[in-house]
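Undergrad: Residues per chain, in single letters:
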Amino acid sequence: MKDTAGAIQMLETFEGNYSHMYVDTKGYVTVGVGFMIPSAVAGLAYTFYLANPRATHLPHSKATHPHPAAHVRVPSTPPTNPSGDKANADEVKAEWTKMHGKPSGHLAGWYAQFATMYMIQSDIDRILQGKINGFEAQLTSLFAAWDDFPAAAQLALLDMIYNLGSLGGFPKLCESARYHEWAKCAAECHRLGPSDDRNNATRDRFLAAAQEQQPLPRPGAHHHHHHPAQN
Amino acid sequence: MAINRLRCFLTPLIMGVVVLVVGLMAGHAASDQHAVRWSSSLGLKSLSDIDARLHRPFGDVFEGKINGKPATVSNCADYLEDSREGFTATGGDQAAIVLHSDAITCVALEALKTARPATTSYLGDFHLNSSALASLSPQLAPAVSDEQITDARQAAEEGKSWQQFIPTARAKPARQAGALDVFQPNWETTITEYGRGDFTGDGVEDLLVRADYAAIKGTYRNSRLFLLSRKSETGVLKVVKEYSIR
Numbered sequence: 278m279k280d281t282a283g284a285i286q287m288l289e290t291f292e293g294n295y296s297h298m299y300v301d302t303k304g305y306v307t308v309g310v311g312f313m314i315p316s317a318v319a320g321l322a323y324t325f326y327l328a329n330p331r332a333t334h335l336p337h338s339k340a341t342h343p344h345p346a347a348h349v350r351v352p353s354t355p356p357t358n359p360s361g362d363k364a365n366a367d368e369v370k371a372e373w374t375k376m377h378g379k380p381s382g383h384l385a386g387w388y389a390q391f392a393t394m395y396m397i398q399s400d401i402d403r404i405l406q407g408k409i410n411g412f413e414a415q416l417t418s419l420f421a422a423w424d425d426f427p428a429a430a431q432l433a434l435l436d437m438i439y440n441l442g443s444l445g446g447f448p449k450l451c452e453s454a455r456y457h458e459w460a461k462c463a464a465e466c467h468r469l470g471p472s473d474d475r476n477n478a479t480r481d482r483f484l485a486a487a488q489e490q491q492p493l494p495r496p497g498a499h500h501h502h503h504h505p506a507q508n
Numbered sequence: 033m034a035i036n037r038l039r040c041f042l043t044p045l046i047m048g049v050v051v052l053v054v055g056l057m058a059g060h061a062a063s064d065q066h067a068v069r070w071s072s073s074l075g076l077k078s079l080s081d082i083d084a085r086l087h088r089p090f091g092d093v094f095e096g097k098i099n100g101k102p103a104t105v106s107n108c109a110d111y112l113e114d115s116r117e118g119f120t121a122t123g124g125d126q127a128a129i130v131l132h133s134d135a136i137t138c139v140a141l142e143a144l145k146t147a148r149p150a151t152t153s154y155l156g157d158f159h160l161n162s163s164a165l166a167s168l169s170p171q172l173a174p175a176v177s178d179e180q181i182t183d184a185r186q187a188a189e190e191g192k193s194w195q196q197f198i199p200t201a202r203a204k205p206a207r208q209a210g211a212l213d214v215f216q217p218n219w220e221t222t223i224t225e226y227g228r229g230d231f232t233g234d235g236v237e238d239l240l241v242r243a244d245y246a247a248i249k250g251t252y253r254n255s256r257l258f259l260l261s262r263k264s265e266t267g268v269l270k271v272v273k274e275y276s277i278r
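Chains as they are written, first to last, in the numbering used here: chain V, 278 to 508; chain F, 33 to 278.
Just so you know, the hints here were simulated from the structure itself, not pulled from any lab data.
Being a predicted model, the structure only gives us computed values, none of them experimental.
Possibly wrong hints are sitting among the right ones.
As the list claims (entries may be wrong) - Pairs of lysine-lysine, DSBU-like flavour, derived with a Cα cap of 30 angstroms:
id: 1; chain 1: V; residue 1: K379; chain 2: F; residue 2: K77
id: 2; chain 1: F; residue 1: K270; chain 2: F; residue 2: K192
id: 3; chain 1: V; residue 1: K363; chain 2: F; residue 2: K249
id: 4; chain 1: V; residue 1: K279; chain 2: F; residue 2: K249
id: 5; chain 1: V; residue 1: K370; chain 2: F; residue 2: K204
id: 6; chain 1: V; residue 1: K408; chain 2: V; residue 2: K375
id: 7; chain 1: F; residue 1: K204; chain 2: V; residue 2: K375
id: 8; chain 1: F; residue 1: K270; chain 2: V; residue 2: K449
id: 9; chain 1: V; residue 1: K461; chain 2: F; residue 2: K249
id: 10; chain 1: V; residue 1: K379; chain 2: F; residue 2: K204
id: 11; chain 1: F; residue 1: K249; chain 2: V; residue 2: K379
id: 12; chain 1: V; residue 1: K375; chain 2: F; residue 2: K249
id: 13; chain 1: F; residue 1: K273; chain 2: F; residue 2: K204
Stated by the list, open to error - Covered by chain V, per the in silico footprint, the following chain F stretches (three or more residues, Cβ under 8 angstroms):
id: 14; stretch: 119–125
id: 15; stretch: 217–223
id: 16; stretch: 248–260
As the list claims (entries may be wrong) - Cβ-to-Cβ under 10 angstroms is the rule here; a few derived chain F residues that face chain V:
id: 17; residue: D92
id: 18; residue: H132
id: 19; residue: A175
id: 20; residue: E179
id: 21; residue: R207
id: 22; residue: Y245
The C-beta atom is built at its ideal place from N, Cα and C for all residues, glycine as well.
Using the sequences and the accompanying hints, generate a full structural model.
TA: Spelled out as structure tokens, the structure:
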């Protein structure tokens, strides 16, 4: 990526950035920048910190007193530094199971009232960077000239594949991108579902790329009256 | 003798109570041949409850703007009114996706208000079971681009089912009753039956379904609302209407 910082900022803006687990509209437990956690065990791939120090279990109080952290509200905005104990495997799995049992269809912040642990921003950014690297590898295999693409075009394509998981629904756009036809990409990039703000931002990035880089001639382009490369 | 008389008196009474209770549990109105029916997931006791249901709080307050001015939406009644005036949610895609998901229910409730008992039904014994893909329109399959919408529409015009359109798609009943989970590469879709009745005024029973889409390898989530029907008991259920949800 030519603009890694821009990529992180873009994805955090559109996907949200939550330090606690929440449930998305499809019922999947999620954390960070749209990181889906498909199972309790999958939650162990993430480092969580308890919002409160771990309770000391006294023999006579264990059964009658709830865990103090059950009453702590975890902020949606990720803290930058850990302030609690690192959650152990059982605690993370229990948090996932609890969240998985909550109803879907609420704003992510609504689930903060049930959260007892959180991720810190540096860990979220590190995982996000890893996901960006993974998607960039896919984009590199899709587009031989990926490294030559303008930064704005790279950001637009990254936003699409991070969101969709694949560019398989956009064969025309992929073909246009191979020929650096960024104005055509701008016309072909509309996703059914995401907000107008997100779609418009993607379109505008392709338009910015069109200002920066001329299209390549397509094979047989001389048969066309107005190929962009000839303008 | 006395016991027999008591039995004669009680049996019809008990049967009547049973019929009444079963009718209410199934969620359908009146005693017509093809009465309007609806899913328990809509939270309705009767069709006359719809207006009260529309005013029930979402549990979240969505902030947004109407023509540049701040506005909030906290229930279906707000949404239906404000969306007509151009309400757009602020707060990023997560808020927009959650509101859109709620909005599907709101529009379904409003549609249900217009439903009437059907005089004819070709739905037969159709249910959202593991073989339902052979009877569902390809237009219910996940689509994120205009190209995919066009491809699905063309397949529908050719009379294809979702199963014929996406041969790798597999389905199984979802955890919640009256819903179907459909799996195909990168996609998980849940189809939920919301109601049955005549929604178009042609006397034929229609099926109102909600579709929730998730890209497994990505963060994409979307929901759509369809009205389906058919003109024979064995054909593919065609999309009569896709409701526009802002």
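Undergrad: It remains to establish, for every hint, whether it holds in the given structure.
TA: Results for each hint:
1. The suggested pairing of K379(V) with K77(F) holds, with an alpha-carbon distance near 24 angstroms, which does not exceed 30 angstroms.
2. Proximity of K270(F) to K192(F) is assessed by CA-CA distance (about 10 angstroms); at most 30 angstroms being required, the pair is judged to hold.
3. For the given pair, K363(V) sits about 28 angstroms from K249(F) by alpha-carbon distance, which is consistent with the 30 angstroms threshold.
4. Distance hint between K279(V) and K249(F) is fulfilled; the C-alpha atoms sit about 23 angstroms from each other, no more than 30 angstroms.
5. For the suggested pair K370(V) and K204(F), the alpha carbons sit about 27 angstroms apart, so the restraint of at most 30 angstroms is met.
6. Using a Cα cut-off of 30 angstroms, the hinted pair K408(V) and K375(V) holds, with the two alpha carbons roughly 26 angstroms apart.
7. At most 30 angstroms may separate the alpha-carbon atoms for a hinted pair to count; K204(F) and K375(V) meet this at roughly 25 angstroms.
8. With a C-alpha separation of about 28 angstroms, the suggested pair K270(F) and K449(V) falls inside the 30 angstroms cut-off, and the hint holds.
9. Taking the CA atoms of K461(V) and K249(F), the gap is near 26 angstroms; set against the 30 angstroms cutoff, the hint holds.
10. Our distance criterion of 30 angstroms between C-alpha atoms is met by K379(V) and K204(F), whose separation comes to about 23 angstroms.
11. At roughly 23 angstroms between alpha-carbon atoms, K249(F) and K379(V) fall within 30 angstroms of each other, so this suggested pair holds.
12. Simply put, K375(V) and K249(F) have alpha-carbon atoms about 24 angstroms apart, close enough for the 30 angstroms limit, and the pair holds.
13. Restraint check for K273(F) and K204(F): the C-alpha separation of about 25 angstroms stays at or below 30 angstroms, so the hint holds.
14. With a threshold of 8 angstroms between beta carbons, the proposed coverage of the stretch 119–125 of chain F by chain V holds, since 5 of its residues qualify and at least three are required.
15. Counting residues of the stretch 217–223 of chain F whose CB lies closer than 8 angstroms to any CB of chain V gives 3, so the stated coverage by that chain holds, three being the minimum.
16. With 8 residues having a Cβ less than 8 angstroms from any Cβ of chain V, the stretch 248–260 of chain F passes the three-residue criterion, so the hint holds.
17. About 5 angstroms separates the beta-carbon of D92(F) from the nearest beta-carbon of chain V, less than 10 angstroms, and the hint is met.
18. For H132(F), the interface hint holds, the least distance from its beta-carbon to any beta-carbon of chain V being 8 angstroms, beneath 10 angstroms.
19. Interface hint at A175(F): satisfied, since its Cβ lies 6 angstroms from the closest Cβ of chain V, which is below the 10 angstroms cut-off.
20. Hint status for E179(F) relative to chain V: holds, with the closest Cβ pair at about 6 angstroms, below 10 angstroms.
21. Contact between R207(F) and chain V, as hinted, is supported at the beta carbon level, the nearest pair being about 9 angstroms apart and thus within 10 angstroms.
22. At a threshold of 10 angstroms, the smallest CB-CB gap from Y245(F) to chain V is about 8 angstroms, leaving the interface hint in force.
Against the hints set out earlier in the document, no violation occurs for any number.
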